[in-house]
Structures are given as C-alpha cells and as structure tokens.
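*Asks:* Let the hints inform the model, and build the full structure from the sequences given.
Numbering follows the UniProt record's numbering, with no gaps: position 262 of the sequence shown is 262.
Calculated directly from the structure, the hints in this document are not laboratory data. Quantities reported herein were computed from a predicted structural model and do not represent experimental measurements. Where hints are given, some of them may not hold.
[Unchecked claim] Derived Cβ-Cβ restraints for the label pairs, each shown as a range:
1) Arg19 to Asp93: 23 to 31 Å
2) Leu125 to Ala21: 40 to 48 Å
3) Gly175 to Gln14: 39 to 47 Å
4) Val232 to Gln14: 34 to 42 Å
5) Leu41 to Ala250: 38 to 46 Å
Ideal placement from N, C-alpha and C gives every residue a C-beta, glycine not left out.
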Amino acid sequence: MPAYGTLAAATFRQYSTYRVATAAGVFTNSVFGLIRVSILLAALDASGQEIGGYTALQAATYVWLGQALLAPIEAFGTRTIGERVRTGEIAVDLLRPAPLLAVHLAQKVGRAGFLLLGRGLPPLLVGVLVTGLALPESPWSYPLGILSVALAILVSFLADAIVNLSAFWLVEMRGFQTLYMVVMNLLSGFLIPITWFPSWLESLARITPFPSMVQTPIDALSGRITPAEALVGIGLQILWAGILALVAQAMVRAGTRSLEVQGG
Numbered sequence: 001m002p003a004y005g006t007l008a009a010a011t012f013r014q015y016s017t018y019r020v021a022t023a024a025g026v027f028t029n030s031v032f033g034l035i036r037v038s039i040l041l042a043a044l045d046a047s048g049q050e051i052g053g054y055t056a057l058q059a060a061t062y063v064w065l066g067q068a069l070l071a072p073i074e075a076f077g078t079r080t081i082g083e084r085v086r087t088g089e090i091a092v093d094l095l096r097p098a099p100l101l102a103v104h105l106a107q108k109v110g111r112a113g114f115l116l117l118g119r120g121l122p123p124l125l126v127g128v129l130v131t132g133l134a135l136p137e138s139p140w141s142y143p144l145g146i147l148s149v150a151l152a153i154l155v156s157f158l159a160d161a162i163v164n165l166s167a168f169w170l171v172e173m174r175g176f177q178t179l180y181m182v183v184m185n186l187l188s189g190f191l192i193p194i195t196w197f198p199s200w201l202e203s204l205a206r207i208t209p210f211p212s213m214v215q216t217p218i219d220a221l222s223g224r225i226t227p228a229e230a231l232v233g234i235g236l237q238i239l240w241a242g243i244l245a246l247v248a249q250a251m252v253r254a255g256t257r258s259l260e261v262q263g264g
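*Replies:* Put into structure tokens, the structure is as follows:
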C-alpha cells in the first residue's frame, strides 16, 4: 500500500508542474460553465417553472459542480492503457509485481486529486461570484457528497479502463472510445440532469453506471437529495464499482492469456 501512495503522490506532483495547461483548463471550464448555465436558465425561464425538480439556483449549482468534476473523472476518456496495448508496452506492465489496474488506479487518484483542486475548485468560485450556489440544508450532505465524489472517480476509472482494455481485441480504438465518450456524457447527466430526460431515457440511464459518475455525486454534494437518498446512491456507486472491477480484472486476465498465446 505505501508504494501506491507514493505513486499517487508522484502523479500529483507531476501534474502540478503543468501550470499553463492548468490555467487554460480553468479558463475553458469556466467559459463553458457560463454557456451551460445560460442554456439551462433559459430553458427554466421558458418553461416558467421548475424542470425535473430543479430551480434556477439548483440548476446553476448543478452546472458548476459538473464543471468541477469534469477533469477529475476525465469525462472525455483517457488513452493510456489502450495505447500501451497497441504499442505492446503493456507486456512490460504485466511483468511487474504490482497489479496493472492497481498501478493505474494509484495514478488516477493522484491525477484526480490535483485536477480537483487545480481545475475543479476555480470554476466553483466563478459560480459563487456569478450565479451563487445552492447549499445543502443538512450537514451530512457534505461528507456524503465527498464520499460520492471519490466513488464517482473510481467508477469512471473502471469504466474507462474497460474501454481501454478492449484494445486487446480491437485493432482500432478511436471509434469505440468516441462512442463511449458520447454515451457517457449523455447518460451520466453531465450535459443536463437525467431528471430532465424523457421518462424512457431516464429509466435507461438509471440502469447504467453512468449516473454514478456525475448525477449522484452532484445531487449528494448539493443537497438536492436527502442524506438517506444519498446513501442509496452511494450504495449503487459501490455496487457498480464492484461489478466494473470484476469485469476489468477478467479482461486483464483474458488479455494476458491472449498475449501469451501470441508469443507476447
């Protein structure tokens, strides 16, 4: 375990050196946050009432929390594991004594920690200054929300790892990764809250792991749902994390056997 902590800390320090990229990311996040807030508030104004249980302030809070989570959960996907499979470097990773997924998870934790602080909190400050944020009524919403954010990062890592591990069997990954990004951004609630969906699409979204990456942590942290409801959402996050971990580990074992058969 100390080795994983060291790896996470090293990744945090590595990303903290990218100051210009961080500043550019903060600016972009903030601008797109303003655009998304404008769109959601215009929709609420046109309807003349709440939509999906959201008031104007709750909708603005939803957007700013989503912008804060965008970088830590890496909503647009990663390419690291898939590229290492494509180039054959994954064979070296599999020979190391540390499990493949554990190493990449430690790196993910370090990366997400920096991105949450460096690129997540500044857009929230913009939100405080521009629109204000809806605060939870219950003090329990804060620890539950933080736990839910941590689980969202874990679930997003595992789902992204599954997409990347499919490179063991797919020659070209870009189409699959693009499809995943589109579906994830829609069904997670990143674009709009899933309670704004038509009933059939909301039902579809809720039987996938995607709401656990965005909708659940935002609802828990903003206090839009009660602590009891947040606990239910956290339970679903834990369930999805367990399922995705089993699938990802099975793919690692199958991929390893595939490399051995091919002489890798």
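*Asks:* Name the hints, by number, that the structure is in violation of.
*Replies:* 2 and 3
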